[in-house]
Every structure is written in C-alpha cells, then in structure tokens.
Amino acid sequence: MNSITSFCRIRNNRFTTEQLVIEHPAASKDEFSIGLYERLQLNYPKFYKMDQQCRLGYIASELVLKGVDVSAYADSFSLVLSNADGSLDTDLRFQQSISSVASPSLFVYTLPSMVAGEICIRHKIKGENAFFVTPSFNAELLIEYVDSLLAGPGDHACLAGWVNVLDAQHDILLYLVENRRVNGSRAHNMNELNKLYGQ
Amino acid sequence: MAIHITGAGVVSSIGHNYEQCFNSLVNGSHGIKPLSRIDSRFAGSLPVGEVAVSNEMMTSQFGLQKVVTRTALLGIHAAAEAVQSAGITGTNWRKGFVSGTTVGGMDRSEFFFPSFLKDREAGDLRDVVHHGCGSVTNVIAEHIGFTDFVTTINTACSSSVNAIIYASKLIKHGIVDIALAGGTDALTRFTINGFKSLMILDEEPCRPFDARRAGLNLGEGAGYLLLVSDKVLEAEGLVSRGIITGFGNTNDAYHQTASSPDGRGSFAAMQEALQAASISPGDVNYINLHGTGTVNNDLSEGRAINRLFNDNVPAISSTKSFTGHTLGACGGIEAVFSLMALERQCVFGNLRFTEPIHETGLSPQREFSARPVNHVMSNSFGFGGNCSSIILSRNMKGQ
Amino acid sequence: MKIESLMADLKKQIVEALNLRHINPDDIGDDQALFVDGLGLDSIDALELIVLLQQKHNTKIANAQDGPKIFKSVRTMAEYIQANASR
Chain A
4 MNSITSFCRI RNNRFTTEQL VIEHPAASKD EFSIGLYERL QLNYPKFYKM DQQCRLGYIA
64 SELVLKGVDV SAYADSFSLV LSNADGSLDT DLRFQQSISS VASPSLFVYT LPSMVAGEIC
124 IRHKIKGENA FFVTPSFNAE LLIEYVDSLL AGPGDHACLA GWVNVLDAQH DILLYLVENR
184 RVNGSRAHNM NELNKLYGQ
Chain B
16 MAIHITGAGV VSSIGHNYEQ CFNSLVNGSH GIKPLSRIDS RFAGSLPVGE VAVSNEMMTS
76 QFGLQKVVTR TALLGIHAAA EAVQSAGITG TNWRKGFVSG TTVGGMDRSE FFFPSFLKDR
136 EAGDLRDVVH HGCGSVTNVI AEHIGFTDFV TTINTACSSS VNAIIYASKL IKHGIVDIAL
196 AGGTDALTRF TINGFKSLMI LDEEPCRPFD ARRAGLNLGE GAGYLLLVSD KVLEAEGLVS
256 RGIITGFGNT NDAYHQTASS PDGRGSFAAM QEALQAASIS PGDVNYINLH GTGTVNNDLS
316 EGRAINRLFN DNVPAISSTK SFTGHTLGAC GGIEAVFSLM ALERQCVFGN LRFTEPIHET
376 GLSPQREFSA RPVNHVMSNS FGFGGNCSSI ILSRNMKGQ
Chain C
21 MKIESLMADL KKQIVEALNL RHINPDDIGD DQALFVDGLG LDSIDALELI VLLQQKHNTK
81 IANAQDGPKI FKSVRTMAEY IQANASR
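As they're listed, the protein sequences go chains A, B and C. Counting from 4, one number per residue, gives the positions in the first sequence under our numbering. Counting from 16, one number per residue, gives the positions in the second sequence under our numbering. Counting from 21, one number per residue, gives the positions in the third sequence under our numbering.
Do not take every clue at face value.
Here are some of the chain C residues that sit facing chain A, going by a computed Cβ distance under 8 Å [claimed, not checked]:
id	residue
1	Q33
2	V35
3	L38
4	N39
5	R41
6	V56
7	G60
8	I64
9	V71
No wet-lab data here; the hints were simulated from the structure. The C-beta atom is built at its ideal place from N, Cα and C for all residues, glycine as well.
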C-alpha cells in the first residue's frame, strides 16, 4: 500500500504543509516567491536565477523532502510532475527578449520539465522522471503512473504533483509517496489526492 | 507480454514517409540546408533540417477546414502513416495516443505577438487557439481517431522517446490495447533564437562525434510507432515488425542544460534499458546515438558508451547528421529509424565524421552497411537532465 | 573611462544581469574568481555575460570558448572591454 507521507500546497498566496500554514500576500510575483524563500529561511543561491515556476516548485520540494534521505533510495526515487500551461509564463518573457537580444538564461526555462530538472539537481534525484501536460490536475493519471513506479521489490519513493504558474496565478501541489504503510499518513488514492488538491 | 511494433510513420527533412527517409539514409543524402521557410534574421544562412512541405499543402492534403499549427500538421502526417501501415481493422480496441512536443503551437503564436503587443486589437486569435502542447496533441488525436486515452509529454529532447516508454507501460498494464506513440516539433523563430543565444548551433552542417564538432543543427519533423499487445497482434493477424524489449529513464541531476562530464545519467539510462531487455552490452548490434554534435553531449554520451560497452562497442551513428536535431520529435523519428535498422537488417552512417573525439576514441559508422541486426538501442537526452534509452529487438518468433 | 569606474559599473551590471540578489556589488573583489568556486557562476551565466558585454559595452565575443579567460574576474572583463570595444 502506497502512502502520501508529506505534501505542500501553494495557492492564492497561501502556503500549506502538514505542519504549517503561511499566508503571504504580495504585490508582485517576485515579492511572493522571494518573500516565501526568505520567510522559510531557505539557503540555495541558485534560487534567484530560476523562473517563477521553478522557484515555487523548488520551495515546495524543500519542504516536502525535509528530513528525507533521497540517496538511500538510489535510482528508486522518481519524480512525476504535470501542469496545464507548460512554461508559458517564461515563454512570454523570452519572446519579448527576442526583440532586443534573446536571453539565454530565460530560454533555458522555456521548458516545463525544467522544474523537474531543478528539483533533481537540488535533491540529487536520479530515478525515472516524467512531465505531463494535461488540461487540469489529473489525479487518476498521477496515481496510476506513480503506483506503477512504486511497484516491485525494495523501497521506492516518488515526488509527484502539479506545478503551474502563469502571470499572477500559482497552483502547486507537491507530495511524497512511499511504497510502505506509514501509520497516520494518507493513502495514495483518488479521494486523498483530490482532497489535498482541493485545499 | 511483449510490446509489438506494427506500424510506423515519419516525416523529416530527408523524406515525407518511411520509404523516402530510408532511401535517404541508404544513399547518404542529408536534408540540412540554409533556413528558408521562416522569415528570420538567419534565413539564407543558418543550416537547418526543414521539412519541404508547406502548411497550406498539408492542410489541404488532410482535408482540414480550420487552420492548425505546423507542429500538428507534421504530427498528423506521420501519425496517419503509422496507423495506415498497421492495418488494424477491429473497432472495439481501446486506443491511446501519447505524443511528445516542446514547441506546441509556437509556430503560429509567435506571429500573433508582435502585432498584439503593439495594439491589443490586432493579431488573429486563431493563431493562438492551439498554442498549448496539449492542444496540438488533441488535434492529432481527433484527426486520427485515437481518443480513448490521450496525453502529452514534454521533457525537452527526450519527449517522444518518453512517450513511447509511457505508451508501452499503458499496454503492459492493460490500460489500452493499442497505442500510437512518438512526437512532433516544428521549427520556429523562438527556438532558433533561443539556441542561438546558447551558442550551441553549428554555422555549418553538424559533425556528430567528430573531434572538430562545433554544435547542432536544428530540425523539424514527426515520428510515431503503433504499438499493440500480444492479444491484439493475434486477434488482428498482424505482423510484429519489432518488439520494444527494454527502456530506461533517469535524471542526470547535474545542470539545466549540460550533461555531467562522465555521462552518469546517460550511462544509467542505457544500463537500465539493457537490464530490462535482459541482454548484455555485447548483444546490441547498433546504437542510434543522441549525437547532437555539441561539444558537451557527444563527449558525455561517448564516455558513457565506453564505460558501459567496454570492448563491445557496436556500430554507432547519429542520424541527426541527416535530419538535424528535431528536438521533441527526435525520439520518435529515431525510433522509426531504429525500426528500419531491424527490418532492413542494416546500420546507418554518421555523416561528416573524420576524426574521433580524443577523450573517447570512438569511430561511428561512416556509411550505410547491410548486416545482421537483432537489437538496436536508441538514445535521447533532454535539457533538464532527462535521459532516456530504448531497445528495439527483432521478433525472433514469427518473422 | 578609468578602469576603477568601469569595474564598479560592471559589478552592478553583473549582479543585475545574473539575478545575484543575495550579493552586494561592492562585495565582489576586483580580482575575485567569478566562476567555479568564486561567485559560483556557470555556463549559462557566461552566456548572459556575453550578452551584457555586447549590449552595454559594445564589445563582441564571437567564440564562447574564449569566455573562461575573459570572465575570469571583473578586472579581466574590464581590461577586455577597454581593449576591444567597437568605436
């Protein structure tokens, strides 16, 4: 039986995990992501270079994986992310930069899977990783795929979820699933996942 | 249970279908020429692999009433060939479509924005209605009639090989009976300018795995495989053209765009594929390299191959020396080329190679060569560290 | 322009162009290593510096492989600009 052992939800300027709820009203996207980063006392200078989608995905991953020894899973730690808008937020900024000089550091972020890349680099996640583009949050797709990755002998874990940032809207749910029964944790099923997303 | 390949479709700068592409590969005729179809500051100079068919021609050929993006048109072109070549007649099968793309509808939306940014009333909204990657997939799915399960994967350059891997899993887990999988990408100013800013484009036709390689050439196209389960193969009386026997996917976890110096991620993906296929390195007869022609990739991939294959390095070549780097479509297109190697019992050349990379000493196959081929490995490594490798094998039973 | 003044400008521009918000421009040493251990810049940052030199200092770098030499420190950047800026 697979268990959701940790999660992070970021929506409407509210940041929620099992342990805390932070409301962080902010006038701009930068103010929100940087403010949250500083408030959570994170320390990862590469954060500032990321685009908004990667920043919020990274922040969520820091909290979800706090205290988790990823290396203990070796290649059995996977990552499955999804969203609806791809990398549109940064695509627009890059497109504008083309009219003067195309910015290489913006171009790097015109791929939704870059969120996966940044999280893998930070936490040294080397297992299977996927990024799906779907019209809306799709619990069924995530559950089926993650469960298949967690099957098989040995310990497996997967960081999964939804990371969508466009303009002022941010919609993130990141959660950790492990292939063992953990007392007090949520079961990895449609009901529980949709409840988490509904927060 | 085996994942059988029963259909294949491809369109690229070296041909508009399976046979045309195969003939070009046999004859050593590449499709890399100065950019011509796009109105860009690099037109007439930058070498790219363009598909020599206009959007208007494809739109009319497919009998489409509404305007769709070039990415979707190329996708329909290849997907239709794949479906047709399989000849499936049963109507009750659950059909899935998994497509990889990085560009989506950018080829049209990038024309919308300059006018729109100057004047909010200007610009044709029809240019942006199919901008999203998922939207492109839906257009193709609806045209082909594969709509029971549809999804889009975007993991940069490994998108379409990951689509094939995911589709194989869908069949294995009984979620669909038949899956059309691969990918499509069209050339756009957006990507041309982007790659220019990364300074990894070669001003000349690329030289993958060569000591003097200077970067990649961008390309466009689409490639799809039609996959079925044992049950469908038998019920439909189909020929198994090949089997997807193994695949591996890992993250290099090193840098957003560069591969780790020792190719750790690519090594792990290839090793995982071999293990899944239950074959040893010496059993592989041909590797269709990711081989983009960049200083970084070819060194990294080469080191990983040496470490994994040791003295048993098989024939290797990068068909990107023919087609250019077709980004999200490369996994799908190169899976079709890998199938050709199996079906036609041959290996393809790696054009413009003259001297091995000093650190790896690897010499790719220079020319087309007919020879026994039982197992082919195809690699695709994407920005964001996403490394994938698949193995296609001859169906030893029936053929 | 005196090299000290150019270096001071460059430090501010580097911090802005590379989004180094956690760094105060005045804290960057004239001869401090920018890449690897120093400021920890990487290959993408090098490309942005090429853009910076082109846009703000009229100085072209045609070959990305020359980057490591030119971008070794703020001083080597300033010296390169003074030697190569187009009139």
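### Query
Checked against the structure, which of the hints given earlier come out wrong?
Violated hints: 1, 2 and 6; rest satisfied.
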